[in-house]
Each structure stands twice: as C-alpha cells, then as structure tokens.
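J.: Now for the letters of each chain:
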Amino acid sequence: MKLAILFGGASYEHEISIVSAITVKEKLEKRFELSFIFCDQDHKFYLIDGSKMKAITFSRGEHRKMPQIFLTNGGFEQRSMFGAKKHEMPLLNLIHGGDGEDGSIASLMDFFHIPFIGPRKEASMLSFDKHYTKWFAASLGVKTLPYEVLHKEDERVITTEYPFIVKPARLGSSIGVSIVREASELDYALDVAFEFDNVLLIEPFIAGVKEYNLAGFSARGEITYSIVEEPQKAEFLDFEKKYLDFSRSGNVAEAAVSETLVQQLRDAFKTIYSPLFEGALIRCDFFEIEGEVYLNEVNPIPGSMANYLFEDFSGSIHKLLGALPEKKAIRVNYDYIHSISQAKGK
Amino acid sequence: MAVKSVQYKQHTFSISYEILNPSAHYDIIFLHGWGSHKNLMKRAFGDHLGQFRHIYIDMPGFGNSTCNMALTTEDYATILESFISMIEADKMIILGHSFGGKVATLLNPEYLVLVGSAGILVPKPFKIRAKIALFKLLKLSGLTQLRRFFVAPDAQGLSQPMYETFKSVVNEDFSEKFRAYKGKALLCFGHQDTATPMWTAYKIAELISDSKVVEFDGDHYFFLEQAATVSKEIEKTVLKSLEH
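Respectively, the protein sequence lines represent chains A and B.
Just so we're aligned: 111 in numbering that gives the first Met the number 0 is position 112 of the first sequence, and the numbers increase by one with no gaps anywhere.
Just so we're aligned: 165 in numbering that gives the first Met the number 0 is position 166 of the second sequence, and the numbers increase by one with no gaps anywhere.
Keep in mind the hints are simulated off the structure, nothing from the lab.
Only a predicted model underlies this, so the values are computations on that prediction, with no experimental measurement involved.
The beta-carbon is built from N, C-alpha and C at its ideal position, and this holds for glycine as well.
Hints are supplied without guarantee of correctness; some may be wrong.
Unchecked claim - Derived lysine-lysine pairs resembling BS3-like cross-links, with alpha carbons at most 25 Å apart:
#1 A:Lys343 <-> A:Lys269
#2 B:Lys235 <-> B:Lys90
#3 B:Lys239 <-> B:Lys211
#4 A:Lys151 <-> A:Lys269
#5 B:Lys8 <-> A:Lys151
#6 B:Lys3 <-> A:Lys151
What the hints assert, rightly or not - Simulated restraints on C-beta separations:
#7 B:Met85 <-> A:Ile329: 52 to 62 Å
#8 A:Gln231 <-> B:Gln191: 20 to 30 Å
#9 B:Gly156 <-> A:Ile178: 36 to 46 Å
#10 B:Leu137 <-> A:Ser106: 46 to 56 Å
Generate the whole structure from the sequences, applying the supplied hints.
T.: Quick look at the structure:
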C-alpha cells in the first residue's frame, strides 16, 4: 500500500518534524510503500529519496538537489521537459506546529482532493490555539485547568497565583513555555513566550500532578485507543527533552492505573475526538486531580505519531487509511442560470 | 530566547535576548561584534562564568533584533541603556567584542571587558587604500554600478539603514571615550588579530587608567576557543575586587 509522509513546513517545529518523519519511516517501511515529501520553509515541496532520510540531508540543504514536486488535483506532479509524472497516494500529514496543525495543509489537501491522515480544517482551528481548545472542551463538558489570557499589548497583570505556567497560545513542543515561581521571574518568562506568539495562556502550575497521555483514532465508527502512558517528567518536558521524545520508537510500559481511570480517560478522549477529529490520529494529554480528569492539550499530529503507544502501529495506520472521511463533492449544474436564461428567452 | 520592544526616536526596536543562570546574583552582559549575533557569544561563554547571570543581547539590526533607521554608536548605547533598565539588569560587567566593545564602553559599566575591541584607528593596508582611490576615480567617471566589487565584506548584504549605520560606526576614533571611562577594564586581545591588532590594546590601556591587558594566541575571534581562559581572567579581576 502506498503512503506519502509529508514533513517539514514553515513552523517552529520544522526540525522536530524531520525527526518525527525519520522515526515513522522506520515504523512503517515494512508494511507500506513509502514516499517522502519535504516542505521547506518557503513552501516548496521536494520528493526525498528514502535512503536520504537523515536529518543532515536537510540541514545541509541537500534536499534542493532532489526533484521538486508541485500540487495538482489528486496528488503531486514532478515536472520535466517532456511533461509531468504524477504521484498519487494518500498522505500522512506529519508537519508539527504551524502549516501542519493550523489548518493550512488540511485546506490544501481538501482543495486538491488528496486523501490524508491528519486533522481537518475545523479540528485544526480548535486544537491549534490552546485558548480555543479550552472553549471547545468546556462546550463538551470536558474539564480543563483554569486559565487567563494575556495579549502582547496588555498590561502585564496576572491574577493567577504563583507558581504558574506561561505558554504561547499557538505552539506545541514546550517551545516558549516556562514555569514562573515568583514575581521576579515573570517579565522574562513573558518576553520568552511573546517571542513566539502575541497571545499567551497562563495556568496554575501544580507540582507533581499526575499526567496521562492517550492516543487514538476512529475508523468506521469505532475508536481504537492506545495504551495509557504516564509520561516521564522532570519538572516538565522542556524543548530538548521533547525533541528526544519525538524520535521515540520503542514501546512504553502501560501506566499502572485503575480501570476506572482508563475509562474516564477514554470517555474524555472520545468526547473530544468524535466527530471533529475524524481522519486524524491524535494524542490527548490529561491531568488527573482528585479522581477527576482534566484535558491539558490535544496533539492532532503527535510526535512520531505516538507510535510507541500502539501495539500494532502500522496496522493502526492501515486501518485509519481505510476509513478516511469523504468530503462531500459539490457538483455545479448551472440549473439556476439556465432556467433564468430560458425564462428570458435568450 | 526572549524579545522586548524599545522605543527610540519614534522607532520601535524589537530586541531579542536570552538570560542564562537566572538566579545568579551578579550580572554580566555580552555584546557581540559587527555582523555577529548573541548566539556566537553564548556559544563561547554559555558554559562558563556559572556564578554570573548571563545576558546575551542581539544589537539592533543583528541576529533577531530589528532596526529600520541609521544609528550611530551613541544611538546603540542609548537604546541598550533603556533596554538594560527595562529588564532590570545591572551594568556590573559588560563584555563587548569588537564593535560591541565600543558600545560597552559608552554604557559605562563597573567592569568593562573588551575582547578584541574596536575604537583605535588602524591604518588601512595599501590594498584597501588603493581600492578606495580607484573607486573614487570610478565615481568621477560615472561607473558606480561597479560599486559591489568594492564594498567591504562587513558592509555586504546590508539594508540601507544598516549600511548608513556601518558608514557611521566604522573607523571611529574612540580614544576620548576610552579616556572618559573611569571604571575597571580588562582588555583581552589576540596576537594574530589584524582587525584590532595587539598594539591597539596597549593604546586603550594607556587611555583607561585602571586597566589590564591580557594577550591571547589567536585572531579576532580567539575567544571562541579560549572562552575558558577569558572567563578565568574575568573571575580573577571581578571576584578579587568584590572581596575588598
């Protein structure tokens, strides 16, 4: 079965996406006939030779020597002097952060009728901005931590009690995130976060809170859940640790949690997932506080597709590919114009 | 990294900076040279001077800091002065490399560390003087489109305001500014440096009364490999006087 992995993108997580793609390649190459499409920061697409799927290929700019490909209806095409060679296959959107998770890629794929694994436009909108995710979860009755929003031009007054976490509203992978323990640390933490986004989210920091990650996807009305993982944490994962996290490929031990909690996590996951995230394999990160589950964030394109949480990862991707949501095609018949023209006798 | 906006002469400068060892008690500010950026300084000194709070700043027009007007060295100092007070940093030690050394001097810190600092005029080699003379001739004959063959490497690829800035800050005689500095200065220079040769260090030392020259083996960027030694010198100078 053919599958193209799309990675890179104009995103703060560009390099993480490369690491992710290399890891997913190892996990899927036995079962799939893979191709690799690299999107550079200027939105040029390149078809990357499988044997060149190494991080240094991109840091050295060697991808520019590989064939450039262009979007066309139903797929990509490689143009040459004597016409164009078409590459048609479903695509796995593995661009983390901007481009991949903000709805740009989803819109492009929809527009060009390319089937893909990844969040659709609406799902992207709601998960990309952590502020919107809060609204979304609240509307579905899924709990999240209390928060406040700070805009760049706002006066820097925070009412949340110390310690708290400062996060850019629209970034993943812990970029620009800091824990603020006292007033003297606040200004720098805000300057760091504002480098990446004009809107910040501030949430209480609960030391030692239990964290659980659960990934999954829906195929033909049935949700496949991964195991529940209790992520390793120092204080929290900073960018470098997360970076390593994106190249994970081994299997992790299932968290020792009660069946009740697993059920609570699955229920919350399902409420968030269906039907908005259909077509995507997502990972939801939760907190557990006094027996209650809180949604921390939704990763609609999790690092290395959370492969390490699935017993049969390639089988899961296969299953999801067979059940991608169809977009309703609109046929334009010009009935209305025809009938008016006829009525006017023209 | 972090970013803060500074207003100056009706322009907004977005200044990119980074702080290491945030809980350390004493501040050291690093200013890079012309055409460089804070990450180069961080690469050199990031793992040293652990007892200090490191503040790395991209100067306007370099690295991730913006600049859309022509600036003089004094403008740089004024912008950095307000930036430093905005982040509530202390001007205890400022380390400046090359052009950053001139800005550091104007900022008047308690301890000035000049690493291959500019500021003493070095006679241009014959080749450069010949190039300038030739271009002046070309200018008379109207062949100015050949200008790109004559532009100094430091001025290539600059935006218009930054090119104006370059013209105003390059070849500035800073003798009087060095003389006006009354704090303690540590001058680290490289033996093989041709941009700011060793003799200019001794010239600066004559102008700053409380100063000490330390000679290093290497060129204008000797500190990249010898940051540990440079750091030791700083510790020696600063910590010794702190004890008193």
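J.: Each hint needs a verdict: does it hold in this structure or not?
T.: How the hints compare with the structure:
1. Distance hint between lysine 343 of chain A and lysine 269 of chain A is unfulfilled; the C-alpha atoms sit about 55 Å from each other, more than 25 Å.
2. With a C-alpha separation of about 18 Å, the suggested pairing of lysine 235 of chain B with lysine 90 of chain B holds against the 25 Å cut-off.
3. Under the criterion of a C-alpha separation no larger than 25 Å, the hint pairing lysine 239 of chain B with lysine 211 of chain B is consistent with the structure, at around 14 Å.
4. Between lysine 151 of chain A and lysine 269 of chain A, the direct Cα distance comes to roughly 35 Å. Violation of the 25 Å bound is thereby established for this hinted pair.
5. Straight-line distance between C-alpha atoms of lysine 8 of chain B and lysine 151 of chain A comes to about 22 Å, which keeps the hinted pair within the 25 Å bound.
6. Proposed proximity of lysine 3 of chain B and lysine 151 of chain A is supported: the alpha carbons are some 10 Å apart, at most 25 Å.
7. Checked against the hint of 52 to 62 Å, the pair methionine 85 of chain B and isoleucine 329 of chain A passes, with Cβ atoms roughly 55 Å apart.
8. Checked against the given bound of 20 to 30 Å, the beta carbons of glutamine 231 of chain A and glutamine 191 of chain B, roughly 49 Å apart, lie outside it.
9. For glycine 156 of chain B paired with isoleucine 178 of chain A, a C-beta distance near 40 Å keeps the hint of 36 to 46 Å intact.
10. Checked against the hint of 46 to 56 Å, the C-beta distance between leucine 137 of chain B and serine 106 of chain A comes to roughly 53 Å, which is consistent with it.
The structure fails to meet hints 1, 4, 8 from the earlier list, while all remaining hints are met.
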